[in-house]
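A.B. asks: Each protein sequence line maps, in turn, to chains H and B.
Take the first sequence: its letter number 516 is residue 516 in UniProt numbering, and every next letter is one higher.
Take the second sequence: its letter number 107 is residue 107 in UniProt numbering, and every next letter is one higher.
The set of hints was computed from the structure by calculation and includes no laboratory data.
As the structure is a prediction and not an experimental result, all values here were calculated from the model.
Worth double-checking, as some hints may not be accurate.
[Unchecked claim] Computed list of lysine-lysine pairs in DSS-like fashion (alpha-carbon distance at most 30 Å, straight line): (1) B:150 <-> H:11; (2) B:31 <-> H:270; (3) B:150 <-> H:294; (4) H:16 <-> B:150; (5) B:56 <-> H:16; (6) B:84 <-> H:11; (7) B:150 <-> H:204; (8) H:482 <-> B:150; (9) H:338 <-> B:31; (10) B:120 <-> H:19; (11) B:31 <-> H:19; (12) H:564 <-> H:513; (13) B:150 <-> H:291; (14) H:527 <-> H:303; (15) H:211 <-> B:120; (16) B:31 <-> H:208; (17) H:8 <-> B:120; (18) H:482 <-> H:88.
[Said to hold, decoys possible] Residues from chain H that face chain B, not an exhaustive set, calculated with beta carbons under 10 Å: (19) 112; (20) 195; (21) 687.
The C-beta atom is built at its ideal place from N, Cα and C for all residues, glycine as well.
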Amino acid sequence: MSDFVAKKGVKNLQHKDEKLITTHCCYCGMQCGMHIRVHKRTGEVRGVEPRYDWPVTMGKMCPKGVTAYQTIEHEDRIKKPLIKKNGKFVEASWEEALDLIEKNYKGLQSKYGKDALSVFGGVSMTNEKCYLVGKYARVALGTRYIDYNGRFCMSSAAGGFIRTFGVDRGSTLPWTELEHSDCFFMAGSNTAECHPTSIQWFWKAKDKGAKMIVVDPRETPTARVADVHLDLKPGTDSALANGMMHILVKEGYVDEAYVQERCNNYEQLKEQVAHFTPEYTSEKTGISIEKILKAAHIFGRSKRSVVMFARGVEQQSKGVDNVALYSSMSLLKGHIGKFASGVATFTGQGNGQGGREHGQKSDLLPGYRKLTDPEAVKYISSVWGIDPEEMPKPGVSAYEMFDEIQKGNIRAMHVICSNPAVSAPNTEYIWDGFKKLDFLVVSDFFLSETAEYADVVLPATSWAEDEGTTTNIEGRVIRIRKVREPYGDSKTDWQIMSEIAKRMGKEKHFDYKNVSEIFEEFRLATKGGKADYYGVTYDKIDEQDGVFWPCPSEDHPGTPTMFKERFATEDGKANLAIVDWREPGEIPTEDYPHILTTGRVVYHYLSGNQTRRVNFLMEQCPLPYVEMHPELASQYNFQDGDFCKLTTRRSSMTVEVKLTKAIREDTVFIPYHWGKELSVNQLTNPCLDPISRMPEFKVCAVKLQKIAEYEMPSPI
Amino acid sequence: MNKIMYLEFERCIGCRSCQAACRECGDHDAKERNYVEYVDFMESRQTYPMLCMQCKDPACARVCPANAIQITEEGVVLSAMEEKCIGCRNCTFGCPFGIPKFDFEENKMYKCDMCYDRSKHDIAPMCASVCPSDAIRFIDYDEMMQLRRKRTQMNLIEGKKPQEGNKWEYVPEFFGVYSD
Ligand code: SF4
Ligand code: SF4
Chain H
1 MSDFVAKKGV KNLQHKDEKL ITTHCCYCGM QCGMHIRVHK RTGEVRGVEP
51 RYDWPVTMGK MCPKGVTAYQ TIEHEDRIKK PLIKKNGKFV EASWEEALDL
101 IEKNYKGLQS KYGKDALSVF GGVSMTNEKC YLVGKYARVA LGTRYIDYNG
151 RFCMSSAAGG FIRTFGVDRG STLPWTELEH SDCFFMAGSN TAECHPTSIQ
201 WFWKAKDKGA KMIVVDPRET PTARVADVHL DLKPGTDSAL ANGMMHILVK
251 EGYVDEAYVQ ERCNNYEQLK EQVAHFTPEY TSEKTGISIE KILKAAHIFG
301 RSKRSVVMFA RGVEQQSKGV DNVALYSSMS LLKGHIGKFA SGVATFTGQG
351 NGQGGREHGQ KSDLLPGYRK LTDPEAVKYI SSVWGIDPEE MPKPGVSAYE
401 MFDEIQKGNI RAMHVICSNP AVSAPNTEYI WDGFKKLDFL VVSDFFLSET
451 AEYADVVLPA TSWAEDEGTT TNIEGRVIRI RKVREPYGDS KTDWQIMSEI
501 AKRMGKEKHF DYKNVSEIFE EFRLATKGGK ADYYGVTYDK IDEQDGVFWP
551 CPSEDHPGTP TMFKERFATE DGKANLAIVD WREPGEIPTE DYPHILTTGR
601 VVYHYLSGNQ TRRVNFLMEQ CPLPYVEMHP ELASQYNFQD GDFCKLTTRR
651 SSMTVEVKLT KAIREDTVFI PYHWGKELSV NQLTNPCLDP ISRMPEFKVC
701 AVKLQKIAEY EMPSPI
Chain B
1 MNKIMYLEFE RCIGCRSCQA ACRECGDHDA KERNYVEYVD FMESRQTYPM
51 LCMQCKDPAC ARVCPANAIQ ITEEGVVLSA MEEKCIGCRN CTFGCPFGIP
101 KFDFEENKMY KCDMCYDRSK HDIAPMCASV CPSDAIRFID YDEMMQLRRK
151 RTQMNLIEGK KPQEGNKWEY VPEFFGVYSD
């Protein structure tokens, strides 16, 4: 198959000395289609060309996507393995680096047992790699301790979906249907900044008269275009969702037949929401009664609604509850499994969907199988060629791995495609954990804040130097193409894992010559699981513009719309959420009188390790800041550009003040894409959701103080 | 080329992808020629993009004493010709939209040319290609006229009626860049 895919009649600008290679953006879950311009003779990456005919994004890209190619041949790329000697990194050969890893891994395991090693994975990489990370931890290293950065991203959505529908596919409908919806209820998602190319779909629907209800403590660029902006107090989503359902029930907006036939718990739900009157809901959420009523009536009257949410509701100690509650709103309307309606979460990372399904999570095996299910263990063991007895037991969640480090149980860690030194909550605890480790290996292509703590840094390739598949925000499996040969001495993550496996005496389980071989094994491993990819092939992806899972056989077209007939629970019925009001982990007190919330800006991605190196993006947003309402600011005599010291029970940091009325008066906001002293995650609360183990990034109590003079540290 | 650059300010989400993309156009020396501004960040996050209107009778060309600013047969107003531009910067002051910029290192004026290398082949300019909200579009004249009519129709469906003091809300707040 050709590397350049374009439909008939679509015009692209193609320079004579260049070829176009068709792929997708490396950053968020939108996975915008793009062509990378490559010089024919030198193989050098020249730029980007819009992929007008990719049906989900139509050539559109956000500024991260437009500039993504600039990271590929960036001067900061790590070209050779680095070994830390006397506190300084020294370039080394792969032999030396692997020797050192082998010596330490084997030494630590013989002294402290198999579980002395751990793996911290990530989902900004292909399905093939994500799949292999789980196998690498369990087969090559034989450890139970594996988890990944999706724990800080999609875990609550996953928990809520599984509880409600029995399976976790981020969107129950294909997004190309969104233009036909007539109402969007969007909670805790600043999609205009975090998934910018999704906006075209909402505008298309709005142009036809669709209504948008946006739930957010800030009047974000998304909330700005809403018909009703429900400006709730951070951490009160469960009250709002219950309050909305109270009105749906009371006003007869419930599709009784659908609910009777397809849902459990309706009677209990009615009882539960009875006391969430608009008055009570307003008191808890801080939203005016008038707005609550208006939103409920718009949503209630809608014929084809989509309920959507993102990290705003998920990164809370009630994340799973919130997801289940908001999903229940859609169930009451009878809108799941139907045209242009349903429920969706906005996947944060490029492969946040696929990466969480195939065994990077501490308790999961490929195909969304449970590690606690003996049948699953048996099947996967047979695919991997190991004895089921050898399969390690479930480990602990991402943040809890750092508790295990403190306890001395985990002695070494391999961080792959992640930067928890920035993205985990309560970062000072994380930094301390890294220092405590006997041995830390980091695979990355830029020297991240996490890599700085490493004993060995292995140069991984970027997304453009390898092929494979990812699964986008909708659950559509798509194809990433190789754009150029590995930069410097870098190797792909799958090669790195295979090399280490070889050193650990497990080469027979990692004998891959190319990505297709991993893909074939991966398909087989997912076969019969909830996330079944068995019928997905590279050719089919090209032919069909991607394939939606589940796709159990090669003649199966895939499943764009979920739950048309039944849900994936045991009895085939969805479980309505019965959840009472509960406070977030921290509420304002006299000492910490305000609420701090965190989030993204459009110019940066996750921990910023990539985007902080791109000139255009840094020109637009070089440093974090604190967004504050002028009413709150005047209590402290803050003016635009003053320095504010923010302190929580964890730590403190100082940033510039940015005044705007587009935020609640009791809440301040700081974006999280920077490291060290500039990391807002020094302040955030590691209070975990009881089910998903998601930390509460989005709500904590904070105090403010004006600082006369301050020198901001460097952002890189 | 029989296309129009069509702006709809209200849709803009302030992502500045149009600016990033402007730098990517082959003839643009990695310098953007459009801009995006907040209306008033203190009040709201509303932003708007601005690019060259490709005026029929461009102020920049008129005020150029060296006649350095050429207009193509399709009506695209180009950057000043290097060999003619004397660096007086009259054009940067003359343009009511603040489009022409001056490169002090190279000592020459540069401006939006609708990505002429693309648009002359009827391929959308970079900004219009990437704009996630369709605040910038590259469309046919007829499509533009239809869009303008639709706007009024939507207001009728919504049961809105202009009143004294909010009439401006009913005037389509966009305009086309006529290149033909
Ligand atoms: S970051 Fe997301 S929205 Fe932006 S171009 Fe990449 S995939 Fe598209
Ligand atoms: S790309 Fe579009 S939405 Fe983004 S700033 Fe430019 S005009 Fe606005």
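A.B. asks: None of the hints should be skipped; say for each whether it holds.
C.D. replies: Evaluation of the provided hints:
1. Proposed proximity of residue 150 (chain B) and residue 11 (chain H) is supported: the alpha carbons are some 28 Å apart, at most 30 Å.
2. For the suggested pair residue 31 (chain B) and residue 270 (chain H), the alpha carbons sit about 59 Å apart, so the restraint of at most 30 Å is broken.
3. Our distance criterion of 30 Å between C-alpha atoms is met by residue 150 (chain B) and residue 294 (chain H), whose separation comes to about 26 Å.
4. Of the pairs offered as hints, the one joining residue 16 (chain H) and residue 150 (chain B) is violated, with about 42 Å between alpha carbons and a cut-off of 30 Å exceeded.
5. Taking the CA atoms of residue 56 (chain B) and residue 16 (chain H), the gap is about 33 Å. The hint is violated against a cut of 30 Å.
6. The straight-line distance between the Cα atoms of residue 84 (chain B) and residue 11 (chain H) is roughly 34 Å, outside the 30 Å bound, and the hint therefore fails.
7. For the given pair, residue 150 (chain B) sits about 13 Å from residue 204 (chain H) by alpha-carbon distance, which is consistent with the 30 Å threshold.
8. For the hint linking residue 482 (chain H) to residue 150 (chain B), the alpha-carbon distance of about 44 Å lies beyond 30 Å, and the restraint is violated.
9. Between the alpha carbons of residue 338 (chain H) and residue 31 (chain B) the distance comes to roughly 47 Å, so the proposed pair goes past 30 Å and is violated.
10. Restraint check for residue 120 (chain B) and residue 19 (chain H): the C-alpha separation of about 21 Å stays at or below 30 Å, so the hint holds.
11. Distance restraint check for residue 31 (chain B) and residue 19 (chain H): the Cα-Cα separation of roughly 24 Å lies within the 30 Å cut-off, and the hinted pair is therefore satisfied.
12. With a C-alpha separation of about 40 Å, the suggested pairing of residue 564 (chain H) with residue 513 (chain H) is violated against the 30 Å cut-off.
13. At roughly 28 Å between alpha-carbon atoms, residue 150 (chain B) and residue 291 (chain H) fall within 30 Å of each other, so this suggested pair holds.
14. Simply put, residue 527 (chain H) and residue 303 (chain H) have alpha-carbon atoms about 36 Å apart, too far for the 30 Å limit, and the pair is violated.
15. Straight-line distance between C-alpha atoms of residue 211 (chain H) and residue 120 (chain B) comes to about 38 Å, which puts the hinted pair past the 30 Å bound.
16. With a C-alpha separation of about 37 Å, the suggested pair residue 31 (chain B) and residue 208 (chain H) falls outside the 30 Å cut-off, and the hint is violated.
17. Pair hint residue 8 (chain H) plus residue 120 (chain B) holds up; C-alpha atoms about 20 Å apart against a cutoff of 30 Å.
18. With a C-alpha separation of about 33 Å, the suggested pairing of residue 482 (chain H) with residue 88 (chain H) is violated against the 30 Å cut-off.
19. Against a cut-off of 10 Å between C-beta atoms, the interface hint on residue 112 (chain H) is violated, since the closest Cβ of chain B lies about 49 Å away.
20. Given the 10 Å rule on beta carbons, the hint for residue 195 (chain H) holds: about 9 Å separates it from the nearest Cβ of chain B.
21. Nearest Cβ of chain B to the Cβ of residue 687 (chain H): about 30 Å, over the 10 Å cut. The hint is violated.
The structure fails hints 2, 4, 5, 6, 8, 9, 12, 14, 15, 16, 18, 19 and 21 (numbered hints given earlier, in ascending order).
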